[in-house]
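Trainee: For reference, the chains in residue letters:
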Amino acid sequence: MQNLAQQLINYLLHLADTTLILSQRNSEWCGHGPVLEQDIAITNISLDLLGQSRNFYQYAAQLINESKNMQDTKALSSFGEGVGSEITEDSLAYLRTEREFKNLLLTELPNGDWGQTILRQYLFSQYQYLLFEQLQQNKDEQLAAICTKALKEIKYHIRWSSEWVLRLGDGTPESKQRMLVAINELWRYIGEMFIAVDYEKEMNIDLIALQNNWAEKVDVIFQEATLSIPKNTFMQIGGKTGTHTENLGFILTELQYMQRAYPNSQW
Amino acid sequence: MKINLTKYYYGDFGGDENVAGNEVKKTNDDASAWPLWEIFVRSKQGLDHKHVGSLHATDAQMAIENARDVYTRRQEGVSIWVIESKHITASNPDEAGELYEPAVDKIYRHPTFYVLPDEVGHM
Amino acid sequence: MNIQHFEQLFQSKIDKEIKIESKDWMPEAYRKTNIRQISQHAHSEIVGMLPEGNWISRAPSLKRKAILIAKVQDEAGHGLYLYSAAETLGMSREEMIADLNSGKAKYSSIFNYPSLTWADMGAIGWLVDGAAILNQVMLCRTSYGPYARALVRICKEESFHQRQGFETLLVLSKGTEEQKAMCQDAINRWWWPSLMMFGPKDSESTNNDQSMKWKIKRKTNDELRQQFVDMAAEQVKVLGMALPDDKLKWNPTTKHYNWGEINWDEFWAVVKGNGPCNKQRLAARNKAHNDGAWVREAANAYAVKKAKAQAAKEALEAA
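Chains as they are written, first to last, in the numbering used here: chain A, 1 to 267; chain B, 1 to 123; chain C, 1 to 319.
The hints are simulated quantities; they were obtained by calculation from the structure and are not laboratory data. Check the hints yourself; a few may be wrong.
[Claimed, not checked] If you want the footprint, here are the derived chain B segments under chain A, 3+ residues with CB under 8 Å:
{"hint": "1", "region": "50–58"}
{"hint": "2", "region": "68–74"}
[Said to hold, decoys possible] Over the 12 Å line for every Cβ pair with chain A, so calculated as not near, a few chain C residues:
{"hint": "3", "residue": "E17"}
{"hint": "4", "residue": "W25"}
{"hint": "5", "residue": "N54"}
{"hint": "6", "residue": "L62"}
{"hint": "7", "residue": "R64"}
{"hint": "8", "residue": "W118"}
{"hint": "9", "residue": "A148"}
{"hint": "10", "residue": "Y257"}
For clarity, every value in this text was computed on a predicted model and none was experimentally measured. All residues carry an ideal CB built from backbone N, CA and C; glycine is no exception.
Only chain A is shown next, with the shape it has when bound in the complex (with noise of 0.2 Å):
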């Protein structure tokens, strides 16, 4: 059983890693997006992310240097072997395992086409606002703030994203048959969303409450934009544990090709 600082430096991690490996993955679109405007919207995004995820690291990196003032040396060797001596958001970006990431799987996948790519953000962004809207009441006051901070962000993505999911959904009929196979894709990837794991539980998070919000508004969104939500599908789950798809492996050889090469370095 980890004590609650490991919890919350772990939770902090599984928030991290999710919004940063999401980034990554938007970012490939940077030059290569359906027309320029769109290009700039979702590169907007990924931005957004990336500062999110940094302020995660950030706040993890302090209370794990802390507790490793503090002579907890096991706590320490939980996040990382070769994350070095003095812990930064880099180290715990760059310097940690495919099995040591805890991001959600959905943000592993890869991005497919633009349907795929904007309903993954839609559906996370949905779960993202009312997951932090639970957070920024929590009682760790330095999480709260980077939550409350980020909800702004998070509505606009909403707003954007779910726009998107409208307009294929009820644009032509290549673009429905599209959303429909991003549906098929994507949809096992939400379970994992709404199970706490070990870390998560101390959280104060109602998941319950989450997950009925979430499909609440979802369900809106699609019935407007004529798509259905799948039923009985069977959830991977595992990505908030270190059990990831094949796809991570591939994200952080790139993400950390650098960090790895070139040791000890500044950039």
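With chain A fixed as given, assemble chains B and C onto it according to the hints.
Mentor: Leaving out everything else, chains B and C in the frame of chain A:
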């Protein structure tokens, strides 16, 4: 008039004589092309909206969102107006003479036309 | 009034530094030259996103990643401002992009060079953006109003690009031996292509230099190139690195640096499509455009549906 531009400038890298510009035509029959919108941004409360440029969008809502991402990335605005370019009616520059020149000699419309004694102070 | 009269009037406006606006009378060649130059400038920004976008996923720190994303995104914005300016002359963005994708339209050859290491992000910012800024600052005073205004906006954003590039190199230059080597290597590879960005020598141009007369362009290629060399030769000292030119030497008489000779065969080879990355760059642009077609169509179809529904609703309310 024969123009011989063999010199390539920055932003003008030469190329075929038949490239962009040599056949100006409107081809908006492309089903995937989006209409053009003109964007006006109020840079801060209390100032007029000012024309900043244009962009493409399928409707007014999207035009506003695109404008937010394209023209206010560095906090350049607090309010955005959009209008589809085709709805703008512009005065004809060939008529500039009759439209604006009659105002030129109406100097009595300007405050500096009136000479007042210094004792009046600022008026 | 005959055509000569219009042309005289037009030239007298130019001479008086009065900007030309989209609905003003202008010689057809002026319109064409501007469309070509502005659209190709726009293409350069868009293609220019590719060599740097290449390193977003591998940026060595989260801070550098954020900076690089913001920078490449700015370039998309610059392309957009420029396409908008060109559209005021009566050519649609779709047509311009079609010309780019078919290979008819050119863009700056510099982006046909590969970005091989992280240090290239620094060298591109410092040298490539640095060369671009010199050109663009001059073009802020170009005679066509919408182009000049787009450039004013671009120049405001561009100085961040050059500064972040130089700073990237500065950090490398103070780093490990490997980082220093990486820094020097990137400078070596990007130096000469950056000088080529200013175009052919003035002596190779025709006497009838219409672009200068029309004040589309306001300084000659060689003037700008020399200005660039003078700047970079000083700045490289701050990095403790060297420019790859053994003829580079301060000339106290001219108060300028003397320097070597550009490899013009390479210049023309790249212009003609035989650069290291010409094929890949065009393939990437075509793929993005083609993959996006169904998205753009669906968004149009949805907007039409919504407008119809709105009109029906209003008709019902009016009845």
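Trainee: Now look at each hint and say whether the structure bears it out.
Mentor: Results for each hint:
| no. | hint | in the structure |
| --- | --- | --- |
| 1 | 50–58 | holds (count 4) |
| 2 | 68–74 | holds (count 3) |
| 3 | E17 | holds, 32 Å |
| 4 | W25 | holds, 31 Å |
| 5 | N54 | violated, 9 Å |
| 6 | L62 | violated, 5 Å |
| 7 | R64 | violated, 6 Å |
| 8 | W118 | violated, 6 Å |
| 9 | A148 | holds, 21 Å |
| 10 | Y257 | holds, 31 Å |
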